[in-house]
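Fit chain L to the given chain Z structure using the hints.
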Amino acid sequence: MYELDQRIAEQLTEVSLSSSVQVRCGNSNAFMVTASTLIPLMQMFEMGGVYICATRGAVEIIEAFNSIGVDVSNIQFIDLVSSGILGGTDVPYDNITFVDSPIMLESVLLRTLYTLRIISSERNFVLIDSVNALAIYNEERMLAEYLHTFINTFRQREVLSIILNIPDQVPPAVLSNLDLYCTDLIDRGQVVIH
Amino acid sequence: MDEILRGGIPYGSTVLAAGTCGSGKTTMGMEFLVRGALAGEACAHFTATEPSVKLLENIRQYAFFDMNMIDSGLINVFDMDVLYSWLGLDKASFDLDDVHALIKAIVDIVNTIGVTRLVIDSVTTLCYKIKSEQLIRDFLFTLGKKLATLGCTTILISEITSATENAHWSSFGVEEAIADGIIVMGDVERMGHLLRFLQVVKMRGTAHSRAKHAIELTPLGVMLTPMLKWGAVSDKTSKWGQ
Chain Z
0 MYELDQRIAE QLTEVSLSSS VQVRCGNSNA FMVTASTLIP LMQMFEMGGV YICATRGAVE
60 IIEAFNSIGV DVSNIQFIDL VSSGILGGTD VPYDNITFVD SPIMLESVLL RTLYTLRIIS
120 SERNFVLIDS VNALAIYNEE RMLAEYLHTF INTFRQREVL SIILNIPDQV PPAVLSNLDL
180 YCTDLIDRGQ VVIH
Chain L
0 MDEILRGGIP YGSTVLAAGT CGSGKTTMGM EFLVRGALAG EACAHFTATE PSVKLLENIR
60 QYAFFDMNMI DSGLINVFDM DVLYSWLGLD KASFDLDDVH ALIKAIVDIV NTIGVTRLVI
120 DSVTTLCYKI KSEQLIRDFL FTLGKKLATL GCTTILISEI TSATENAHWS SFGVEEAIAD
180 GIIVMGDVER MGHLLRFLQV VKMRGTAHSR AKHAIELTPL GVMLTPMLKW GAVSDKTSKW
240 GQ
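Sequences listed follow chains Z and L, in order.
Quick note on numbering that gives the first Met the number 0: the first sequence kicks off at 0 and runs consecutively.
Quick note on numbering that gives the first Met the number 0: the second sequence kicks off at 0 and runs consecutively.
Be careful, since some hints might not be right.
No more than 16 Å apart at the CA atoms, straight line, and that leaves these computed lysine to aspartate or glutamate pairs for EDC-like [said to hold, decoys possible]: (1) K228(L) <-> D89(Z); (2) K228(L) <-> E144(Z); (3) K130(L) <-> D97(L).
Rather than coming from a laboratory, the hints here were simulated on the basis of the structure.
In isolation and in its complexed conformation, chain Z is listed as follows (with noise of 0.2 Å):
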């Protein structure tokens, strides 16, 4: 059994739906960060929701949580990564939609509100994995701007955002922006000595 970060959960249960949650994970322990948020949001919560795929394509997502026995067929998937890769639209998955490139930021924000139109669950998230992905194509005071309009319009809206970054890779300017608009923060990120 995959041993999941259980104060994670706790945390989570002290959020709204209108917060904005910063999730601070490290190179190596990423993947059980983001099952230790996802999988209490999906079966403690009920929620549904929009997973971005910044940093590796859905399919792959999907079969790291299936390989779990994480159900995540009621999630849907934004994947920005595979429509880069000849033939990487074309998978067994009917809740994966595609965006060109991860520069093409306002296309992600709109097909996420569209996902939400289109959804029944009643409570829903947001998660972006990852900023720091997102930072690789796109110029830092471009990402700041992205992840402010991100939040705002979610948190109106009454969707919990959630924003995966590996803290020290993150440039400095969207950082300092993200512990201002955020509202909570979940830190398991490492510790690194300079």
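Positioned in the frame of chain Z, the structure of chain L alone reads:
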């Protein structure tokens, strides 16, 4: 769109929707009619760029569109080629009499059916047959005035090759002068990817937003969000970050 326009397009306005190819003009025009039809308004679409069969085939993929709206007569689609043939206007260019005959035919259709929402797609294709700039101006001005008198809100779709600040928002340079509103649609290029945008340049009678908005054509219709300020550049001829 209603939010951007602070309430919508004023009744009886003639609005020029000018855009580059693939920018979503036809979809927006059709959605404008569908929203009207859902409110019980009689609507008409004059198609000059593609046959109505092809238009309807393309628009069927959108969940907001329902073929029953065509079958029940709430949305009426007219092929301009059929109209030309019906009026005996199968010719390469139109003179003053032809233009007046065309205006009369369109106005008669609007009047007979009681159309309150009309789309002409595209006014560029339609005006190609009118050789004089003065005649084009007269045609559009007279048509707009007559339709407004009938209480018909009209979207004239115009095809342009660029949507930069310096570009004309019409092919003939006269359409924009007679329009009550101008909506520009185009593409922003970001690192090789095209992002659709829409901007309301003018809309008489409204305190509309003039910001550039990114658009996405979804099955539910056109969705918009303000373009990122650090990501909004003129159009595909401009480069990201400059």
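Here's how the hints hold up against the structure:
A threshold of 16 Å between alpha carbons decides the hint, and for K228(L) with D89(Z) the separation of about 34 Å lies outside it, so the pair is violated. About 8 Å separates the Cα atoms of K228(L) and E144(Z), which keeps this hinted pair within 16 Å; it holds. Restraint check for K130(L) and D97(L): the C-alpha separation of about 12 Å stays at or below 16 Å, so the hint holds.
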